[in-house]
Amino acid sequence: MDALKCSIQVVAGIIPGSPIDQLTRVWHFTNRNLDNPPDYIDRSGAAMNYAMSLMNPAQNNWVKLEWLWY
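Per the numbering used here, residue 0 is the first one in the sequence shown, and the count goes up by one each step.
Derived DEER-like restraints, expressed as beta-carbon distance ranges:
#  : residue 1 : residue 2 : range
1  : Lys4      : Asn60     : 30 to 36 angstroms
2  : Pro15     : Asp38     : 31 to 37 angstroms
3  : Thr29     : Pro56     : 34 to 40 angstroms
4  : Tyr69     : Gly16     : 22 to 28 angstroms
5  : Met54     : Arg31     : 28 to 34 angstroms
6  : Tyr69     : Asp20     : 20 to 26 angstroms
7  : Ile40     : Tyr69     : 18 to 24 angstroms
8  : Ile13     : Asn35     : 34 to 40 angstroms
9  : Asn60     : Ile40     : 25 to 31 angstroms
10 : Ala2      : Ala57     : 36 to 42 angstroms
Calculated from the structure, these hints are not laboratory results.
Think of the CB as a built atom: it goes at the ideal place given N, C-alpha and C, for glycine as much as any other residue.
Given these sequences and hints, build the entire structure.
Below is the structure:
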């Protein structure tokens, strides 16, 4: 199994600093993902698209996308 190298985490909520668990999603990346540019672009793009889909002030007051390197 490939070792985990990085993750992209998207969290959102109404009260700043209090994420809604049902909205939290994480995309994990291994060397296999990072060494395959089309796969990395697809997966990181999915995370960014998800974050943008949550940016609706009628639903959430904040959205945070974090790129975490391990």
